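The lines below spell out each chain.
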Amino acid sequence: MAATLKQKIADVFDESGCDKNLAKSAHERKKGCAKQLQPGAAAGGCAFDGAKIALQPIADVAHLVHGPIACEGSSWDNRSSASSGPQLYRTSFTTDINELDVIYGGEKRLYRSIREVIEKYDPPAVFVYQTCVTALIGDDIEAVCKAAGAKFGKPVIPVNAPGFAGAKNLGNKLGAEALLDYVIGTEEPAFTTAYDVNIIGEYNVSGELWQVKPLLDALGIRILSCISGDARYKEVASSHRAKAAMMVCSKSMINVARKMEDRYGIPFFEGSFYGISDMSDALRNLSRLLVDRGAGADLIERTEALIGAEEARAWSRIKAYTPRLAGKRVLLITGGVKSWSVVSALQEAGMEVAGTSVKKSTKEDKERIKEIMGDDAHMIDDMVPREMYAMLRDAKADIMLSGGRSQFVALKARMPWLDINQERHYAYAGYEGMVDLVREIDRTLSNPVWAQVRRPAPWDVAGPLGAKTLGFPAAASAS
Amino acid sequence: MARIIESKKSCTVNPLKMSQPLGSSYAFLGMDACMPVMHGSQGCTSFGLVLLVRHFREAIPLQTTAMNEVTTILGGYENIEKAVLNIHKRANPRLIGICSTGLTETKGDDVDGFLRLIREKHPELDSMAIVYVSTPDYAGAFQDGYAKTVTALVQELATPTDVRLANVVNVLPGSHLTPGDIEELREIIEAFDLMPVFLPDHSGSLDGHIPNEFTPTTLGGTPIEAVRNLGNARATLAIGEQMRSAAIEIEMRTGVPYHLFDRLLGLEASDRLIQTLSRIAGVAVPHKCRRQRSQLIDAMMDAHFMIGGKKIAIGAEPDMLYGVGQFLHEMGAQLVACVTTTHSPVLERLNCDEVMIGDLEDLEQRATDCDLLVTHAHGRQAAGRLGIPLHRVGIPCFDRLGNAHDVSVGYRGTRNVAFQIGNIFLAHGHAHRPDEWPLPAASLAAASLGSEATACESGGCACEAA
Ligand code: SF4
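Chains as they are written, first to last, in my numbering: chain A, 131 to 609; chain B, -3 to 462.
If you are wondering where the hints come from, they were derived from the structure by calculation, not from laboratory data. All figures in this text were calculated on a predicted structure; none of them were measured in a lab. Yeah, the Cβ is synthetic: ideal placement off N, Cα and C, and Gly gets one too. Mixed in with the good hints, there may be bad ones.
Distance windows between CB atoms, simulated [claimed, not checked]:
hint	chain 1	residue 1	chain 2	residue 2	range
1	A	Glu229	B	Gly383	33 to 41 Å
2	A	Asp144	B	Glu2	42 to 50 Å
3	A	Glu229	B	Ile244	41 to 49 Å
4	B	His339	A	Thr322	52 to 60 Å
5	A	Asp524	B	Gly328	56 to 64 Å
6	B	His339	A	Arg220	25 to 33 Å
7	B	Glu116	A	Arg516	53 to 61 Å
8	B	Ile1	A	Asp144	46 to 54 Å
9	B	Gly383	A	Asp428	34 to 42 Å
This is chain A alone, in the form it adopts within the complex (with noise of 0.2 Å):
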C-alpha cells in the first residue's frame, strides 16, 4: 500500500470527534475498527463501495473509476442517490484495464481517459477512484490526478480507497478526506448569509433531503452544501463559508465535520433526520449554532413553533394508524438507519419491536434502545439468516424492517417485509418520513396478498375426497 495512504488510514482511524474512538486504549485505537474478515464468511461492501456511496451522490461531476470490470461494471447506477438536476453522476465511466495495463501499468490509460471525459463531457471536475488490481500494481492515481488537472485546467480529485484497503465505513472516511485534502475551500459562495449551514453525510437517498429541507426553507436556513446529497461540485468547495454543520449520525463523515470544525472555524453537532424528535432536536441545535454565531435570535422561537406545529401533525397522522397497527410485532434489522430513532414512531403507532440488531450500535444506543424499550428489550447481536427466517416463520413478529439483504429471508418465509436500507425506493427521513413509514408498515401488513400466500393447496390439507371439507362445491371435486 502506497505510505500516503497507509497514512490516510491511520489518520481516520485515530479519528478523535468519535467518542467510540476516545474510549479506547492507545494501542487499541491505532488497530483501528477494521475488524478481520472471516473468509467464507464475510458480507459487506469495500472500501471502493464506501467512497463511492459517500462521493457519487455529487450529481454534476464525472466519476471515474479505474481498475478492471469487475469494480463499476456490476456497480454502476444501482444507487438510489437523487439529483434535483445535473445526471452526469450516473453516468458510468471506467478504464476497463486488460491484460496488458496490467504487465506494464495503467497510468497511461488512465490519464487518456482522463481527457476524453473532459473532451467529451466537460463536467466541472473528475474524481478517480483507485481500485485493488490498479494499487496492487502500483499505479499512482494521485501524480496522474495532478498532471492531468494541471493540464487540462480542472480540477481532478484523486480518491484513494481501494477495495482491499477494508470495509465500506473505512472507504466512506476515505472518500470524505478526498474532499478535505482536494475540494473543500478550493471555491468561494456568490454570497453568503448569517444563515448558511452544511449537512454533512447525507446522501440524498431516494430524495429524502426533500423531506427536510422545506422545514429549513421555512425557517430562512440555507443548505449551503450537503456533502454528498444532491451536492454540486461547486457548492462542495465553497461550503468552507458555512457558519454551522450538521454531521448525520452514521458517523460515516466525522472526520469532514471535525476538520472543517478546526480548519474554518464551523461548529458542527451530530444528529439525525430519521424519527420525530430527532428531527426536532436536529432543527434546534442548528438554530442554536446559527444564532451563536450571528443569526437573529428569533430564530430560537421561530424553529419552536414549527417543531410544534409540525410534531403535533406528525403524531395525529401517525395516531391515526394505531386502531389497524396495535399490538403487530415488529423484528427491526438495520445497518444504516439508527434502531431507536424508528422505535419510538413504531410504539406511537402501537406497535411493539419484538427484537433490534444491534449489531453496528454503538454502547449509548444500547442504552438508549433500553430507555425506550424497556429492559427487556430483545436486542440481537448478529442474526444468521438461518434464526431470521425461524423467528419469522414461528411468528414471533410479523413484520421484519431489514436491509435489502436479507429481503428474500422474509419473502421465503411468506412474512410482510419493508427495506429501510440504503438501496431502498422509499424516502423515510423529517416529519413527512416517519408518518410514510408507518403509512407503508399499514399498506404492507393489511395487504390481503399474506392471507392468500399463506393458504396451503387445498390437496395439502385433506385427503382426496377434502375438497369437500374446505367448502369446494362438488362439481370442482368430481373431475
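Given the structure of chain A, go ahead and fit chain B with the ligand onto it with the hints provided.
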C-alpha cells in the same frame, strides 16, 4: 458477413460488459447444494451479489475469501483454506465453486496447488467437491467466465463410463438462457420421450420457488451425480457457441457426441432443434410441436407488419446478440448498431455491416436514428436520451419483474419475442402531424411562378412593408 471492430477509446463509458468471475459464479449457481466463492477482496462478491439479487429477486448464495492487501501479497493459501473450512462448517454444501478475480490473478496465486494441499491436510472435506476456475476480471466477459466454469465442472467431475442410456440427452444451456428457457427446453425434449440432464440448471435453483426450509446454499440445480454421469447420455445438445468447449470436453472424456445450436430463437433455428430431437429419439414430431410451429408462423406474419423495416440497435453478449439479432433480421428489421462484450465466432455471421466490441456509449452514438434499443436494463438512460423504447434482454434487469420466467427459445419462446417486440412498436406508434410533409423550396417557388417566394426569402422585401 459482419466486420468486427474494437472500440479505440481508453475510457469505457456506461459498461455493457460484466466480469468473468460474475459469469463463473452464475454458472455455479446452477449447481445443486453449491456455494460459489470469489477468491478476492470482499467488494467483488458484494457487488456481484447485489446485482444478481436485484435481477432475480432471490437470495443468492455467494461467498468471498476476503483478501486484503497483506494477504494478497503473501498469497491466498490461508484465506482459501479458512474459507473452505468455514463454508464446510456453516453451510455444508456438496460443492464449493471457486473463481479467481483480478486481484489474486495479478498476484498469481496457484489455487490448484493450494487446493491439493488443503485436500491432503483435511480428509474431513473428502465428501465435498471443490472446483476451481481461473477468471481474471481484466480479461474476457461474463459469458467467458460462465463457459470456462461449465467446462471446468465437466473436467473435474465427469467420469468415463460404458453405460449408454438411449433416452438421456445432456443439455448445456449458455448464459443467455433464463431459468424459464431451460424449463421450456425440458418440456420440448420430454415431448420426444427423452430425458434431459441440464448443466447447469438454473430452472431448479433460480426459478423463484418457495422452499420449506431455509438453506444457505443453492437449492435445486444440477446434482453432482448428474455431472459425474454425463457420459451415460446418448448425445449432448450445446446451446450457444459459448458452450462448444464444454461439449467437446464431454465428448473427449466420455465419447458422447454433441450437437451445437448457435441459437434457439427463430423459426428455422427451432426447426433444427425439433428435427434433431426427432432423429435422436427416433420418433415423429409430436402434434403439440407441429401446432406450436404453426402458431409461430402466424405470429411472425402478424408481427412483421410492425417489425419490418425498423432500425434496431442491440447491445448484448455474443450469443444473445446473435440470437436476437438474427431473429429480428428474419422479421425484416435492419440491424443498424450492434455492440458486444467479447470475441466469438458467431459475430461475423451476424446479418449486419459491423459489430463493435464496446460499451453502451458506443451503442448510443450509433443508435441515433434507430427505432428500438435492445440491451440490458442499463440501457434505460440511453433509451431515454434517444427517445426510443428499450427492449430488455440479458442480465442485469433490475427494473422489471419476472426475468427468470422470460422464455425466448423454441416455437413458443420465439412467438413470445415476436409479440413482445411487435407490441412495443404498436405502443410507440407514430402519429402523423399536419406539418410532417412540407414541400421543398423548389416546389413552393414553382407554385408561385418563381417570383414572390424567392423575393421573400431574400429578406427585407417590399411585401412586409406593404
Ligand atoms: S474489492 Fe477491489 S476489485 Fe473488488 S470491487 Fe472492490 S475495489 Fe474492485
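Violated hints, by number in ascending order, as checked against the structure: Of the numbered hints given earlier, those the structure breaks are 3, 7, 9, listed in rising order.
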